[in-house]
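Q: Sequence:
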Amino acid sequence: MNSYYYLFEIALILFSTKLLGLLFRRIRLPQVVGALLAGIIIGPCMLGLVSESEFITQLSEIGVILLMFTAGMETDIEELKRQGKASFTIALLGVLIPFVLGGGVTYLFAKFGMKNIMGDTSIMLQSVFVGVVLTATSVSITVETLREMGKLNSDVGSVLLGAAIIDDILGIIALSIVTSFADTSVKMSVILTKIVLYFVFMAIVSFVVYKILKIWFKDSDHLKRHVIAVIGLCLLLSYISEVYFGVANITGAFITGLIISAVGYKKERIMGTVDDVSYAFLSPVFFASIGLKLVLPKMSAIIVLYAVVLSIVAIVSKILGCGLGARLFKFSRSESVQVGAGMVSRGEVALIVANKGIKLNMVSNVIFAPILIVVIITTVISPILLKIAFKDKDSSLECNEIVVNEYE
1 MNSYYYLFEI ALILFSTKLL GLLFRRIRLP QVVGALLAGI IIGPCMLGLV SESEFITQLS
61 EIGVILLMFT AGMETDIEEL KRQGKASFTI ALLGVLIPFV LGGGVTYLFA KFGMKNIMGD
121 TSIMLQSVFV GVVLTATSVS ITVETLREMG KLNSDVGSVL LGAAIIDDIL GIIALSIVTS
181 FADTSVKMSV ILTKIVLYFV FMAIVSFVVY KILKIWFKDS DHLKRHVIAV IGLCLLLSYI
241 SEVYFGVANI TGAFITGLII SAVGYKKERI MGTVDDVSYA FLSPVFFASI GLKLVLPKMS
301 AIIVLYAVVL SIVAIVSKIL GCGLGARLFK FSRSESVQVG AGMVSRGEVA LIVANKGIKL
361 NMVSNVIFAP ILIVVIITTV ISPILLKIAF KDKDSSLECN EIVVNEYE
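Numbering-wise, our numbering puts 319 at position 319 of the sequence shown, and it's gapless, one number per residue.
Source of the hints: derived by calculation from the structure; they are not laboratory data. Where hints are given, some of them may not hold.
[To be verified] In silico DSS-like links for lysine-lysine, alpha-carbon gap of 25 Å or less:
1. 194 / 298
2. 266 / 224
3. 194 / 81
4. 359 / 298
5. 211 / 266
6. 218 / 293
7. 81 / 214
8. 267 / 224
9. 330 / 387
10. 330 / 391
11. 298 / 111
12. 85 / 330
13. 298 / 356
14. 194 / 85
15. 111 / 359
16. 111 / 356
17. 81 / 330
18. 267 / 81
19. 298 / 18
20. 293 / 214
21. 356 / 18
22. 194 / 18
23. 359 / 293
24. 391 / 18
25. 266 / 81
26. 211 / 224
27. 224 / 214
Produce the complete structure using the sequences and hints provided.
A: In structure tokens form, the structure reads like this:
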């Protein structure tokens, strides 16, 4: 393979994601589903034309960061604050119920069907860890689907964004507790302290940056400089979040977007420029990269059955937990289903958690393949469920026709 093959891979990703995206739009499904399936088709699982190289992984990382940055800029901050209590309750139930059901199902399968292939690690510990994996939520897919349907700034969209950020924090705490059993270097008090310090740090940074940008944007008309500055700020805060505080980089990106949203000046123009770069290049790479991860080994009948049951549990538990949380805050039945459907996707977040378990020998390799299947199924089905949940009011085609046509 020559040193320039990556150019062919990127070209193939862009062509295939757009082609399948348009095909799925034609059959009135979210285009993001087509992009996800494009990665599966051209990846190692089927045609083997593209593999997940370090370069593609890094591009996809920037893609999801800019996606969440744009989502932050589009967010109505007052609405986000108004939905704060609801978001926390939804996130909490959306963590507890998948944790209990996912861990319970794994324990039953391990005890009565897969005992001989579970390895040396305690069955209980592996079951608990799978429960932690199922608590994860990858909101990036939901964000793209809601934007496509024109629902990102709706009540459901606002509460989903808030719940996803809180879900990420709760997931970090749950992961830290579980991994402390296998890795004595992990101190729960240190993790909690870092999380508290993170939000203090981000509050101070947000206030200072807001004041600076408010003056600069008002007195200057250099749009290109503004765009370069805010993208640089986004990447910097994403890096600091991940490396120094252990909080997902997309959280830093989202908070950066909220700062720009609060500034107000030139927000639409900056958002349009960033969105063009993201839509045309980086987002397709990110969506395809999820499909590229699907490399399935040979599995016995019991493992296949476990993967199917775990996938069903992963879907139902999020809809049930998050939907119940929404109902407690007077969301209608249909809105509660929409909230639950929006939290179904596990995406790259669950894979990161699963890889952590493999490195610490907390789960056997036998468990990894079913987890991978859960990730792909939930990631593909979440936008479809969202489309169905919103179907009673209007269709995605009608909601965002102007935006879609602009890019075609």
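Q: State for each hint whether it applies.
A: Right, here's what the structure says about each hint:
no.: 1; hint: 194 / 298; verdict: 41 Å, violated
no.: 2; hint: 266 / 224; verdict: 11 Å, holds
no.: 3; hint: 194 / 81; verdict: 23 Å, holds
no.: 4; hint: 359 / 298; verdict: 21 Å, holds
no.: 5; hint: 211 / 266; verdict: 15 Å, holds
no.: 6; hint: 218 / 293; verdict: 45 Å, violated
no.: 7; hint: 81 / 214; verdict: 21 Å, holds
no.: 8; hint: 267 / 224; verdict: 13 Å, holds
no.: 9; hint: 330 / 387; verdict: 22 Å, holds
no.: 10; hint: 330 / 391; verdict: 21 Å, holds
no.: 11; hint: 298 / 111; verdict: 22 Å, holds
no.: 12; hint: 85 / 330; verdict: 12 Å, holds
no.: 13; hint: 298 / 356; verdict: 23 Å, holds
no.: 14; hint: 194 / 85; verdict: 23 Å, holds
no.: 15; hint: 111 / 359; verdict: 23 Å, holds
no.: 16; hint: 111 / 356; verdict: 23 Å, holds
no.: 17; hint: 81 / 330; verdict: 17 Å, holds
no.: 18; hint: 267 / 81; verdict: 20 Å, holds
no.: 19; hint: 298 / 18; verdict: 31 Å, violated
no.: 20; hint: 293 / 214; verdict: 42 Å, violated
no.: 21; hint: 356 / 18; verdict: 33 Å, violated
no.: 22; hint: 194 / 18; verdict: 41 Å, violated
no.: 23; hint: 359 / 293; verdict: 17 Å, holds
no.: 24; hint: 391 / 18; verdict: 24 Å, holds
no.: 25; hint: 266 / 81; verdict: 23 Å, holds
no.: 26; hint: 211 / 224; verdict: 20 Å, holds
no.: 27; hint: 224 / 214; verdict: 16 Å, holds
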